[in-house]
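**Q** Relying on the hints, combine the two individually framed chains into one complex.
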Amino acid sequence: MSRINYYFKIWLKLTKASFLSVLSQRLGFFIFFFGKIFRFGFLYLFIIFLLKGTKNLAGYSLDETLFFFLTFYFIDTFAQCLFREVYRFRPQVVSGSFDLILSKPFSALFKSLATGADVIDFAFLPVIVFSLITVGLRLHPSLGEAALWFVLATNGFLIATAFHIFVLGLGILTLEIDHTIMIYRDITSLGKFPIDIYKQPLKGILLFVLPVGVMFSIPAKGLIGILNVQTVIVSLLLGFVFMFLSLRFWKYSLKHYTSASS
Amino acid sequence: MKKYLTLFKLSFQQELAYPINFVMWRIRNVIQIFLIFFLWDTVFSDPNKIAFGYDKAKILTYVFGLVVVRPIVLSAKSFEIAGEISRGELSNYLLKPLSYFKFWFTRDIASKVLNILFAFFEITVLYLILRPPFFFQIQPIYLLAFVMSLVFAIVLYSLLIFLFSMFTFWNLEQAWGFAFLLLLFTDFLGGGIIPLDVLSAPIQKVINVLPFPYLLFMPLQIYLGKLSFAQTGVSLVTSGVWILILFIVVNLVWKKGIKTYKAEGK
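Protein chains in written order, with this note's numbering: chain A, 1 to 262; chain B, 1 to 266.
Bound conformation, chain B alone (with noise of 0.2 Å):
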């Protein structure tokens, strides 16, 4: 656990090395947030306006949501791991005495959390700017299950990342590749572009059945208070069952992937 700390401390402080960089990561983070605040601002411009379920206070909050459960959820180290496998630099972490699995998680809750720091000075910048109307969701049911669904977007995304990656081993030319289809997927079935509500209910089931509406859509939804008490507890079940599949197919693609390993490019 020791080592863990020690590197949580030590990634804390490699993401700081480059500080011109990494606020302008978060510049780009808020530009994209203007976008999709503007739009739905404009199309619920008329204040007692209800469309796909949403009145104005609760689409922006949805918005606002995004930049706060964006950080908490998606900022990842982890995506170098495709990298590392390509360039077989792999070897070196087989070495040491540390799961890799945990070593990048590690890195990733580090990255999460000075993020998040910048999320929340980035949101309190905005609605001074933009004084958009907030929903407060003030039932402590829904916001415990709004925890727990962070939580469970957190380890769910961390596996994707681990499973998406691994895909290099196979294909060691298309490392960024697979990264790719992974941050797609995330954006635009994730809910992290538009809420999926919008879209019609045959495509929001289909969409439903995988992994990644449980990473920003779902959570918001129970945060939003727009899930019923059993709906919200379904989709904490579909999420638990993911992690279980994505774990239990992790592990064995893993066991595949470093047998086919040949550090190459070392």
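Pulled out of the complex, with its shape left as it was, chain A reads as follows (with noise of 0.2 Å):
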């Protein structure tokens, strides 16, 4: 218990200095912060239009696709703000100064991914939760239902921290590309509607092999009542066998650290 109130100290320590430093530009954080609504409003309003136009998406209602892009918003938002950390890993080990995070008394994997939260994002999760909770309740979801969400929800959260953390384990081992993270947002960002508008085998790999349906998609199918057991199961398993790949792949690229430029 001790060591958790010890990160969390970290934690909270950190936090404060990182959205002070935002903060302190107050142009730059209006600026990201209008952006990032821009941003979802324009997609929000988008899907709307289409709807209208479409009656339906793959079989879905309007207030289902908003909810399958809402939860999508949610998780991807949420990492975002506590990882940021994340987008600020490379240059450190370009430079040499992750040798200096290696020193610390804590760990090197908990100051690389979560000690520079987000206070743009961390001022946008309101209005995304809003929006959540106002259309998850068009759905009329039972109790179950919206418990069910929450524990998927959590497990997609689970496998967006196991994908932040084999980028941070390839920002070690490579050099040459400084566009990782980039990429991990662009594979998510085909989570944004339900997974069954792809075709296989593209459908198949974005279940099981970079499980962004698993991430964003099986929550909220979760909520709308439309799952069986054997998926709920795959998915909690595929979240656990992500997550114990990354701190194995993490710690192999710990023992490869050159310390190069240092």
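Quick caveat, the hints were computed from the structure, so don't treat them as lab data.
Incorrect hints may appear among the rest.
[Stated by the list, open to error] In silico DMTMM-like links for lysine to aspartate or glutamate, alpha-carbon gap of 25 Å or less: (1) K9(B) - E89(B); (2) K55(A) - D41(B); (3) K49(B) - D196(A); (4) K55(A) - D197(B); (5) K262(B) - E89(B); (6) K52(A) - D46(B); (7) K9(B) - E122(B); (8) K255(B) - E122(B); (9) K199(A) - D46(B); (10) K55(A) - D46(B); (11) K256(B) - E84(B); (12) K203(A) - E122(B); (13) K199(A) - E122(B); (14) K52(A) - D55(B); (15) K49(B) - D63(A); (16) K52(A) - D196(A); (17) K112(B) - E80(B); (18) K16(A) - D197(B); (19) K203(A) - E89(B).
[As the list claims (entries may be wrong)] These stretches of chain B come out as covered by chain A in the derived footprint (C-beta under 8 Å, 3 or more residues): (20) 19-25; (21) 36-46; (22) 171-182; (23) 196-210.
Nothing here was measured: the structure is a model prediction, and the numbers come from that model.
Each residue gets a CB set at the ideal place from its N, CA and C atoms; glycine is no exception.
**A** As structure tokens, then:
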């Protein structure tokens, strides 16, 4: 317990510093906050106009399609908010300043992953949560379905965490790629709409290899009430396997860190 | 002219200096296309369906058209201008016997050429994988207007980058912020994510007053023959007027900006 307290205190301190750093540039905060609201609002409006014209998307109604979209936005933004430090990781490896993190008396993974929370995403989250609850309630879920959404969304967040750890590991192993985190963002953006719009083999890849479907579509299906027990079990299992593999990969990467630039 | 030609060659080589990065950048573009393609493929699962003025062939041609038009119009290295202003590196260029804007425009063209080459390779691969129905424009007048609209779009986009980058003169810390806004407006108000005619008529009217739809959306509308001859003319003239306005504004802002420039960071 004292170890959790220790890490929580570190997280709180570094998060406060990260928030203050962004808030000291007010214009920057407003530009990016406006940008996020604009992008979200535009896509939300697009789905409304699209579904008004076509009545359904892959068999899903307007509210259901919106719920898929909002579930994506919620998990994605929450992960971005907590794991913003990943975006700043590669320069630290390139410059050699990662050595300083390794010498600190706490986990290098924790420092590189979760200590630079993003205040802009933090300010944006209430907008998404409000929309999610409003649209979710219109689907009249039972308490069990709402609970299932929560469990599967947590599982989706776990997979997002695993993806971020993979990106960190890759950042150590290869210095040649500086788009890795953006490629992750591009791949996960395929989960903005129900996974059912994709055809095989892409659909299979997005369910089991790069489990974007498990991260975003499965939780939404849980709330709508169209999941069977097997899918839930396989999804949770995938979350566990991904997390396990990502941690192994991180350890493997650390062993191959050469500290070449320092 | 010779120095810009040399610069073009150097820029081309520089683009290829980090091949993995470049390939990754192209892969990102392909992934983005998958989402839009399958979305519209699902919407038009009935091959006879017509929605928002598109049939299946036209909407999927719009999506594939983006693969070609995006690198032609949007590939640009001049986004680095803002960073150079904020880091004080602009001073290096002011001392050289070349035009700063022509320098970056040349680098932009080199970037476009390389990206177009890759785009044609990608579109072939995507076509073989996805086998979409295509709409081929055969009317020479529309093809000519399409090419003209692309040339206008290239100039328009460069002017927009110059303008947004120069806001950095007054806000050194926000170099990336202004670029982020421009990229956002280009993607969403330019038709880079969705065809703008899906939106309601009043929203389209407002967006059409801005310069952004003339970057991607209007050229593709012209190619698809969705505009009448008169509308095509109006679209080209509006694009030309925006170029003129932005040219004047960019020059004015540059003159004012350069007076406030202190080469901070150097």
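**Q** Does the alpha-carbon distance linking K112(B) and E80(B) stay inside the 25 Å limit?
**A** OK: K112(B) and E80(B) at ~15 Å, within 25 Å.
**Q** Would the hint linking K256(B) and E84(B) be met if the CA-CA limit is 25 Å?
**A** holds (17 Å)
**Q** If you draw a straight line from the CA of K49(B) to the CA of D63(A), is it 25 Å or shorter?
**A** holds (23 Å)
**Q** Tell me if the straight-line CA distance from K52(A) to D46(B) falls inside 25 Å.
**A** Holds: K52(A) and D46(B) sit about 17 Å apart, inside 25 Å.
**Q** At least three residues with a C-beta closer than 8 Å to a C-beta of chain A: is that true for the region 171-182 of chain B?
**A** Result for this restraint: holds, n = 7.
**Q** Between K55(A) and D41(B), is the straight-line Cα distance small enough, at 25 Å or below?
**A** holds (15 Å)
**Q** Measure nothing beyond the straight line between the CA atoms of K199(A) and E122(B); if it is 25 Å or shorter, mark the hint as holding.
**A** holds (19 Å)
**Q** Does the alpha-carbon distance linking K199(A) and D46(B) stay inside the 25 Å limit?
**A** Holds. K199(A) to D46(B) sits at ~15 Å (cutoff 25 Å).
**Q** For the pair supplied as a hint, K203(A) and E89(B), is the alpha-carbon distance within the 25 Å limit?
**A** With Cα atoms ~47 Å apart, K203(A) and E89(B) exceed 25 Å; violated.
**Q** Please work out if K55(A) and D46(B) have their alpha carbons no farther apart than 25 Å.
**A** holds (13 Å)
**Q** Hinted pair, alpha-carbon criterion (25 Å max): K52(A), D55(B). Please report holds or violated.
**A** holds (17 Å)
**Q** Does E89(B) sit within 25 Å of K262(B), going by the straight-line distance between their CA atoms?
**A** Given pair K262(B), E89(B) holds - Cα atoms ~11 Å apart, limit 25 Å.
Violated hints, in rising order: 8, 18, 19; the structure is consistent with all others.
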